[in-house]
Amino acid sequence: MMEAFFFLLFATMAAGGAIMMIASRNPVSSLMYLVLAFFALSGVFVMLDAHFLAAVQVIVYAGAIMVLFLFVIMLLNLGHREDIDMRGHLARLVALVAGSGLFAAVAALVFRGEQATLAGEESRLAVEAMIRSRGAVGALAEPLFTSYLVPFELTALLLLVAIVGAVVLARRRAP
Amino acid sequence: MILDFSSSLHIVWALLPEIVVAVTGLVVLMLDVFQRGSRSAPSAPWVGPLAITGLVGAVLANAWLLTLEVPAQNAQIAVDGFRIAMNFIVLGVAIFGLLYSFDWLNREGQFTGEFIFLVLMAVVGMMLLGGTRDLIVLFVAIELMSISVYVLTGYDRRSRRSAEAALKYFLMGAFASGFLLYGIALIFGSVGSTNLSLVTSEIALGTASNNPMLFAGVALLLVGFAFKVSAVPFHMWTPDAYEGAPTPVTGFMAAGVKAAGFAAIVRFITIELAPAAEFWEGIIWWLAMLTMIVPNLAALAQDDVKRMLAYSSIAHAGYLLVGVAADSPLGRSATLFYLAVYAAMTLGSFAIVYLVAGKGDVRSKLSDFRGLGWRRPLLGAAFVVFLLSLAGFPPTGGFIGKLYLLSAAVESGESVLAITLVLTSLISYYYYLRVIWKMYFEEAPESLPTPERPGLAFGFAASIGALALLVAGLFPGHGLRTASRAGEDLVPRAAVVAPGAAPSARPSGQDPAASRASSNVSEPER
Chain Z
1 MMEAFFFLLF ATMAAGGAIM MIASRNPVSS LMYLVLAFFA LSGVFVMLDA HFLAAVQVIV
61 YAGAIMVLFL FVIMLLNLGH REDIDMRGHL ARLVALVAGS GLFAAVAALV FRGEQATLAG
121 EESRLAVEAM IRSRGAVGAL AEPLFTSYLV PFELTALLLL VAIVGAVVLA RRRAP
Chain U
1 MILDFSSSLH IVWALLPEIV VAVTGLVVLM LDVFQRGSRS APSAPWVGPL AITGLVGAVL
61 ANAWLLTLEV PAQNAQIAVD GFRIAMNFIV LGVAIFGLLY SFDWLNREGQ FTGEFIFLVL
121 MAVVGMMLLG GTRDLIVLFV AIELMSISVY VLTGYDRRSR RSAEAALKYF LMGAFASGFL
181 LYGIALIFGS VGSTNLSLVT SEIALGTASN NPMLFAGVAL LLVGFAFKVS AVPFHMWTPD
241 AYEGAPTPVT GFMAAGVKAA GFAAIVRFIT IELAPAAEFW EGIIWWLAML TMIVPNLAAL
301 AQDDVKRMLA YSSIAHAGYL LVGVAADSPL GRSATLFYLA VYAAMTLGSF AIVYLVAGKG
361 DVRSKLSDFR GLGWRRPLLG AAFVVFLLSL AGFPPTGGFI GKLYLLSAAV ESGESVLAIT
421 LVLTSLISYY YYLRVIWKMY FEEAPESLPT PERPGLAFGF AASIGALALL VAGLFPGHGL
481 RTASRAGEDL VPRAAVVAPG AAPSARPSGQ DPAASRASSN VSEPER
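Going down the list, the protein sequences come from chains Z and U. Mapping to this note's numbering: the first sequence position 155 is 155, numbers consecutive. Mapping to this note's numbering: the second sequence position 467 is 467, numbers consecutive.
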């Protein structure tokens, strides 16, 4: 009962935030609605026992990326009306067809009631057992530092390259 | 030494060449920062030699890999002849690319330290592309390579063309990465693992056959790779990005990124996804066909040598795809051999273009090459060798490489591809020979300045490159034998002993149960 209540609360907040985000005309307030949707979504993640995902959702998406978006919008002064950006009836038609096609596909999946068994049932059980024994963060950390050590360390290099690259490209002039 | 992937120290040994390159890059960056402090001063002259030393160290480490014995080949990192050969090619591209670039960096007054760092990081990504068997490592490696190269493309801050090229390349590259990642997700979804030794055995067991999700995943993976090697119809970004990028970077891109992309295609598509061959055979065939025809016709109309070479590099992707489409050990060996030859001639010709173009890369039109052969005889001779090799004329490595590709295609019954290769090469003679004609048979007007004299590093790289192409054309035996050994020695089919190692059988690890039981390096959830 309690669970259903909180799920409905978070789900309504997430869906409502998403709808308001595309409905609002001001880019800044539309961004704020997106942050609301992200927070609500992280609530749903907590209810699914995905604590790590919930924390990442708040820290990375709601925190870092949204602040970045906000800065970009404010610095670029994108306060004008957005319908100028959408060109032509053809583009709208394509967007309508693609959007309703995606909606139909998702709806078909939901109504057919098929569970997405991506990695197979036994691995799902293994993941659940692991989460029970050491929590979601521990279950994620262990493979990260053992089986996936190589890509993990490579990611460090990737981030360094991104930082150095940003500095190189943003520098005003050569020596 | 016997490599055992259950110990993390042995993962370090297996990755030693990559680690040497990465550490060199970090050392160069740190020393450069400390030496310059907060001053906006040029880098110290020793950063270049330091980087070259590190790369030579990586070459030695890579040669040392040949002595390793690897009993169980199911880890994320493959230790086989193919990876080692690809590492040699990529490291060669890096060494020669840097040697060619020093003159440009000095002439244009660009920062040297960051340039070297970005090149070395791109090289780490390229090496891992040819050496990994895990889709996650593949993705991180491809991003490491691509992001470094995007920045290098826009390295000339004062040039509008450079910025435009970087933006175009970045947008298209990010798009391609999206395709690649989605393909990886779909393959993971249909098979349940990112480790390709498991993916292969699952497909071979038949559990994943007739699976539309797997088909879509393979197709998207191929689209991502085709973007990276600029195969038609995914080549739209290439002429603009290659033309706008600083010319030494263009050479590095055309040689290195393409070699790494082909390494990934050979390993991931033709080896690991061999049981799913009916999914990709037709796609590769058409990619090869289109990539040979379209750019060769487009190159005919170019009057800018740099842009012409960009189209020619797309066309060479088509020739290389013929080797992939042959889908045989011979085809893979031919691809390897041609990649090595292609790297040498592409790097060399782009380097000469930037020398002729002068400060600011302004003179790269066909007419700017008039009289080059008489004004700078050595430079002209080297350029003739590179161009003849690109065209595929007999005394050069390019001829032997094309012959090898042709024999692989004919052996696999791909005669239509072989005929197309010959015909498109004939078309390409026109635009390569036109440059040579301008260099020797047309007088340069007084107003055209003589290209500056290249530095020592440039001269060394150009003469070694041109000599290597001639040697590969006149005495191809050794190179062909090495390529054919490396092309056959690919996990998981490997049953060949690495040259130099003690003669012991290499179990291929194809038995799915065994590989699942012993795979401790990359198995997250089972």
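In short, the hints are calculated from the structure, not lab data. Some hints here could point you the wrong way.
Residues of chain U placed beyond 10 Å of chain Z at every Cβ, according to the derived structure [said to hold, decoys possible]:
hint, residue
1, L3
2, S8
3, A22
4, E69
5, D134
6, F139
7, A141
8, V151
9, R161
10, L290
11, A301
Facing chain Z, from chain U, some residues (calculated, C-beta under 10 Å) [as the list claims (entries may be wrong)]:
hint, residue
12, L118
13, L433
14, I436
Quick caveat, the model's predicted, so the values are computed rather than measured. Heads up, the beta-carbon is just placed ideally off N, CA and C, and yes, glycines get one too.
Among the hints numbered above, which are violated by the structure, and what are their numbers in rising order? 2, 3, 5, 6, 7, 8, 13 and 14
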